[in-house]
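Read top to bottom, the protein sequences are chains A and B. With the first letter of the first sequence counted as 1, position 11 gets the number 11 in the numbering used here; the numbers rise by one all the way through. With the first letter of the second sequence counted as 1, position 7 gets the number 133 in the numbering used here; the numbers rise by one all the way through.
Hints in this document: simulated from the structure, not taken from any laboratory. The beta carbon of each residue, even a glycine, is placed where N, CA and C say it ideally should be. A portion of the hints provided could be inaccurate.
[To be verified] Facing chain B, from chain A, some residues (calculated, C-beta under 7 Å): (1) Y3; (2) E5; (3) P8; (4) T87; (5) P89; (6) K95.
[What the hints assert, rightly or not] Beyond 10 Å from chain B on every Cβ pair, some chain A residues (computed): (7) L41; (8) P60; (9) A69; (10) H76; (11) L102; (12) L104; (13) A106; (14) T115.
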Amino acid sequence: MKYLEQKPGAFWWTRNLNCLIYFTREIAGIMLGAWAFIIVLAINANFMLNMSDHGIFTWPTATLFQYIALIASIIHSITWLHAIPKTIPLNISKKGHIIAYLILLAIWISIFWLTTSAFLSPKSYD
Amino acid sequence: MRNFIIKIQRYNPETEKIYFEEHTVPYTKDLTVLDALNFIKEKTGGEIAYRWACRMGICGSCGAIINGKPALMCSTFCVQLKQPITLQPLANFKVIKDLIVDTDDAMNKFRAAMPYTEFQKKHLEPQHETLQTPAQLNRLKQTSQCIKCMLCYAACPVYGLKQEFIGPAAGALAQRYNLDTRDNIKNQRMDSITAENGIYNCSFIGECSRVCPKNVDPAAALQKLKVAGIIHTAKKTAKSILKTPKKSS
Numbered sequence: 001m002k003y004l005e006q007k008p009g010a011f012w013w014t015r016n017l018n019c020l021i022y023f024t025r026e027i028a029g030i031m032l033g034a035w036a037f038i039i040v041l042a043i044n045a046n047f048m049l050n051m052s053d054h055g056i057f058t059w060p061t062a063t064l065f066q067y068i069a070l071i072a073s074i075i076h077s078i079t080w081l082h083a084i085p086k087t088i089p090l091n092i093s094k095k096g097h098i099i100a101y102l103i104l105l106a107i108w109i110s111i112f113w114l115t116t117s118a119f120l121s122p123k124s125y126d
Numbered sequence: 127m128r129n130f131i132i133k134i135q136r137y138n139p140e141t142e143k144i145y146f147e148e149h150t151v152p153y154t155k156d157l158t159v160l161d162a163l164n165f166i167k168e169k170t171g172g173e174i175a176y177r178w179a180c181r182m183g184i185c186g187s188c189g190a191i192i193n194g195k196p197a198l199m200c201s202t203f204c205v206q207l208k209q210p211i212t213l214q215p216l217a218n219f220k221v222i223k224d225l226i227v228d229t230d231d232a233m234n235k236f237r238a239a240m241p242y243t244e245f246q247k248k249h250l251e252p253q254h255e256t257l258q259t260p261a262q263l264n265r266l267k268q269t270s271q272c273i274k275c276m277l278c279y280a281a282c283p284v285y286g287l288k289q290e291f292i293g294p295a296a297g298a299l300a301q302r303y304n305l306d307t308r309d310n311i312k313n314q315r316m317d318s319i320t321a322e323n324g325i326y327n328c329s330f331i332g333e334c335s336r337v338c339p340k341n342v343d344p345a346a347a348l349q350k351l352k353v354a355g356i357i358h359t360a361k362k363t364a365k366s367i368l369k370t371p372k373k374s375s
C-alpha cells in the first residue's frame, strides 16, 4: 500500500491568470535587477556623462534592453502596488484595498511623470 | 432533460493505479457537487472514497479540486460549473485513496502558530469573565472564520514545493491570536512563526486568499505578520544589545 505523492509541476505558474501575474512580477524584478546592475557598472566606469558614446550603451541591443527594462519596471510597480494594500496593518475591506491601490497608483504615476518630464525637458540639456 | 457529467479521479493504494471514472447524474438546479457524488456513491455501491460531514460549508471536510480549482464540494453547485465536472483530490497532499488526502502534515503545522491564549492555559476555571468590546472582536473576526478546510494549502505553490513551510492557514491562525486582546504570548508565537520555515517563506502569490471559502484572506494575514515579525525581531535585537554588559577596559 502506497500513498500517492502530489507536487506542483515546473509550469504551475501557468495554471491561472493570477499565478501568471505573480510570475511576471517576479521575472520583471529580475529584469530590473539586471538593469540596475548595468547602471551601476556604467556609473563606476564614469560613463554617465556620455552614455551614448561608450561601452555597453553602444551595443545595438542596448535601446531594446532599455525598453524591456522600462516595461518590466512598469509591470513590477503596478503589480506590487496592487499587492501593497494587503500589507497595511489595518482591517480594511475589499473596497478599501481598491481605493488604497488607486491612491498608490496615482502617486506612482505622478512621480513617474514628474521625473520623466524633468529629465526629458529641454532645460536639462542646457 | 440534460445530465451532469462527473469525471472522478480514482486512486487505489493497493494497485497504485490512477484513472478517471465518468458518471452521469440527472440534472437538478440546486445539485451540489457533494450531492452528485453521494448519488454516484449510492448508484455504484459505495466504492468511491471521499470525506464529508455537515453539507453546509462549516466542517471543512469535503475539499477537492473541482475543475482545477480547490473548493468545497458542498458549497459548489453543478449548474455553475463547466461540463464535464472534474473532481480530483486536494493538491500538495498525499492521496490515501480516491479523494481522501492525508492532511496530518498541515494540521501539525498549526502547533507552530500556538493557537491558544495564555489566559486559557493559566486559568482553566476563570474567576471572572474576560470581556471583549465589539471593536476588539471585530479586529480578529475575519481570521477567526477559518474552518481548516486545507483549500489554502492545496492552492499554495510554496507549500507544494517546500512542505516544511508553515503554510497559509497557520499564518492566519497566528494572526487571529495575535490580535486577541486576551492573549499574552504574542512574543513566543512570533518567535515560533518567524523561524526558518515560517512566514517569510511566503512569496505572496495570493492563491490561498482566492480559494478561501470563508474570506479569511490568509495572504493578507501573512503579509501583516511579516511586518510585525520585522518589528518583533528589531525590538528583540535592540533589547539584547542594550542588555549585554559592557566590557570594562
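Worksheet item: So which of those numbered hints doesn't the model satisfy?
Response: 6
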